[in-house]
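Visitor: Each chain is listed here by its residues.
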Amino acid sequence: MSRIGSWLVLSFRLNRWEVLASAAGVALLAAGMIWFTWQLRTLAAAEPACLDPTTYVVACEQSPQAFYELASFAEGLSSVAWVAPFGMGLVLGVPLVSREIEQRTAGMAWALSRSRTSWLVRRVAFAALVLVSLLFVLAITSEMQAAAQMPTRHLDQDFAWYGRRGGLLVVRGLAALGVGVLAGALVGRVLPALLLAAFASVLIFTVISLGMDRWIEADAVVMATGDPEGGRYLGERVELPSGELVDYGELGRRGLSIEVIDEEDRLFARPEDVGHPERMIGWGRSLIVPGRLYPQIVLRESAVVGGAAVLLALAATFVVTRRRPG
Amino acid sequence: MSLRAWRLAFRMQRLELLIFVAAAVLVTVASLLIAWGASEARASFDACYQASGTDAGCASSPSLNDFSMWGGFAKLGAFLTPFALGLFLGVPVVAREMEERTAGIAWTLSRSRSRWLIQRVLPLAVVVIVLAAAVGIGSEFVTRTNPFAELDANPGFADHTARGWMLPVRALAVLLVAVAVGAMVPRQLPALLLAGAVTLALFVGLSIGMDAWMTAEARPMPIDESRFGLVAGGPRIFDIAYRDDATGEVITMNDFYNRYGDIAFPDGEQGPEGFTQVAIGIPGEEYATWVTRESAILGALALASGALALVVVRRRRPS
Numbered sequence: 001m002s003r004i005g006s007w008l009v010l011s012f013r014l015n016r017w018e019v020l021a022s023a024a025g026v027a028l029l030a031a032g033m034i035w036f037t038w039q040l041r042t043l044a045a046a047e048p049a050c051l052d053p054t055t056y057v058v059a060c061e062q063s064p065q066a067f068y069e070l071a072s073f074a075e076g077l078s079s080v081a082w083v084a085p086f087g088m089g090l091v092l093g094v095p096l097v098s099r100e101i102e103q104r105t106a107g108m109a110w111a112l113s114r115s116r117t118s119w120l121v122r123r124v125a126f127a128a129l130v131l132v133s134l135l136f137v138l139a140i141t142s143e144m145q146a147a148a149q150m151p152t153r154h155l156d157q158d159f160a161w162y163g164r165r166g167g168l169l170v171v172r173g174l175a176a177l178g179v180g181v182l183a184g185a186l187v188g189r190v191l192p193a194l195l196l197a198a199f200a201s202v203l204i205f206t207v208i209s210l211g212m213d214r215w216i217e218a219d220a221v222v223m224a225t226g227d228p229e230g231g232r233y234l235g236e237r238v239e240l241p242s243g244e245l246v247d248y249g250e251l252g253r254r255g256l257s258i259e260v261i262d263e264e265d266r267l268f269a270r271p272e273d274v275g276h277p278e279r280m281i282g283w284g285r286s287l288i289v290p291g292r293l294y295p296q297i298v299l300r301e302s303a304v305v306g307g308a309a310v311l312l313a314l315a316a317t318f319v320v321t322r323r324r325p326g
Numbered sequence: 001m002s003l004r005a006w007r008l009a010f011r012m013q014r015l016e017l018l019i020f021v022a023a024a025v026l027v028t029v030a031s032l033l034i035a036w037g038a039s040e041a042r043a044s045f046d047a048c049y050q051a052s053g054t055d056a057g058c059a060s061s062p063s064l065n066d067f068s069m070w071g072g073f074a075k076l077g078a079f080l081t082p083f084a085l086g087l088f089l090g091v092p093v094v095a096r097e098m099e100e101r102t103a104g105i106a107w108t109l110s111r112s113r114s115r116w117l118i119q120r121v122l123p124l125a126v127v128v129i130v131l132a133a134a135v136g137i138g139s140e141f142v143t144r145t146n147p148f149a150e151l152d153a154n155p156g157f158a159d160h161t162a163r164g165w166m167l168p169v170r171a172l173a174v175l176l177v178a179v180a181v182g183a184m185v186p187r188q189l190p191a192l193l194l195a196g197a198v199t200l201a202l203f204v205g206l207s208i209g210m211d212a213w214m215t216a217e218a219r220p221m222p223i224d225e226s227r228f229g230l231v232a233g234g235p236r237i238f239d240i241a242y243r244d245d246a247t248g249e250v251i252t253m254n255d256f257y258n259r260y261g262d263i264a265f266p267d268g269e270q271g272p273e274g275f276t277q278v279a280i281g282i283p284g285e286e287y288a289t290w291v292t293r294e295s296a297i298l299g300a301l302a303l304a305s306g307a308l309a310l311v312v313v314r315r316r317r318p319s
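These protein sequences, in sequence, are chains A and B.
Read in this note's numbering, the first sequence has 274 at position 274, and its numbers run on one by one without any break.
Read in this note's numbering, the second sequence has 23 at position 23, and its numbers run on one by one without any break.
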């Protein structure tokens, strides 16, 4: 058997339960998504004019019902696709080092290898290969399902289902793998490491998400309140008559509170102020990142999350080269 | 059980226990602080509202929305607590001994395998109950001080899966299911994944079954549109219907629409003349009865899982 073949076989044997569980989960999820895609496309093809939300067709009062009911079930699967990279990354990453330490085989494995680093690289490379392959399948099927569910939208320029479809799933999975490997190397026991890695993942990805929101705020545009189709909604703001844009927290801190909003989104403190523009507090506005920036923002987040994955991998390598094997 | 056996049981899972004790303390303290803050903010808001007759200028800082959001996080933590506690503490009891090939020694040193298992599980069961109860109490306060409801006296079914004594009962059931799965699958991580899937299936099934049972016993309740919802006292509402004032017949909204069509709603907004809108559900006062019923089912599940774990441990090879 070639070196690559023996590496694949050995790596699979060491992690076969986790690999099989992940593969089974992805197979089920992908099959579900493909089935929903097929059903939704069939329904949409039957009466294409009925699914355009921008037009009203009299004959369409009942027919989209089945489509939207099915679409709401399909949305559940997309939520699973959102969680899958984190779950799979941790399940594949945590036991790589921690199980060897827990079962007291790390010493032997490290002694037999040229170096601890090369041992870790071989182990992580296999897990990453499995993870990327499986998440790639999920990334494609989730894109297909999203396109079938929103047939009138251009999803390559649309923030709908952000983080639940496309390449971001793969990058997030790799970062979760890094968290798992690092936690496993630090703790040296499988289940406590999994717990710690889960808490750390929530923390790290929340920080990244909040940070990204702050970063892309610079690209946001101020719009009248309403549904910004395709855009990424970042929050409500108040545009003061001076032109200053403040959030509702800041408004409260300035001692201002809003009682009435008129049909032109003008904000007033009291009902009797309506009709007196000079007493207006400001205009209600939404902060929106336009949909055309979707590829750019995905690329940015991928770079940040990918960078975090590299840092985590380096930290795991550092821990493995320094720690005692038991 | 001797003190030594308790100490040993804790030492075997000290890392998981340490993490869970820290997390439970964090969630409980956070819940109590959120409940206290929400209660203060709501009191100040209500006083301002009553004094001025309007909520203009009554914004509290942090706002009631913030407390509602933080309360939501606390309740999510409380909802997940029984599952995390049960799975992570239950699975390794047997699975880790077998994975590390120490089961043979441990079982030989004990008077019997059953005794060994009971000595391992009992201290964990106590810890699980205590931690889940602490989180349940914290979450109970969060629900009772919900800034957008009047639940302080009787929360009824509000957040019933994330507060109160359902949490320790659920945690105990999940713990014993996880012990049984861990005894059957001798590797920790695969056992954890399987136990998670089994637990999910069991609780989804239980939830569907309980909903069907409650729907069968649901009855019409008068609607008293209060400031915070259709019916006060935290009822579990399954449907809205119309009661014929003359005959007392209750007709669901769908049936009503099919029978009378749009004509019954002349202005499209008001209820039809001669009918009174009612909610179909279980009143909040019956919360304790239903929680007792669900607890009994979970208790039976826990006993069955414990018995299964005992049978598996007594019969299986130690590797």
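No lab work stands behind these hints: they were computed from the structure.
All values derive from a computational prediction rather than experimental measurement.
Some hints here could point you the wrong way.
Incomplete in silico selection of chain A near chain B, CB under 7 angstroms [as the list claims (entries may be wrong)]:
#1 Trp17
#2 Ala21
#3 Leu29
#4 Ala30
Even for Gly, the Cβ is constructed at its ideal location relative to N, Cα and C.
Visitor: Now, for every hint given, state plainly whether the structure supports it.
Guide: Quick rundown of the hints versus the structure:
Interface hint status for A:Trp17: upheld, as the beta-carbon distance to the closest one in chain B is roughly 4 angstroms, under 7 angstroms. This hint holds: A:Ala21 has a C-beta 5 angstroms from the nearest C-beta of chain B, less than the 7 angstroms allowed. Proximity of A:Leu29 to chain B is violated relative to the hint, the smallest CB-CB distance being about 14 angstroms (cut-off 7 angstroms). Nearest Cβ of chain B to the Cβ of A:Ala30: about 18 angstroms, over the 7 angstroms cut. The hint is violated.
Against the hints set out earlier in the document, violations occur for numbers 3, 4.
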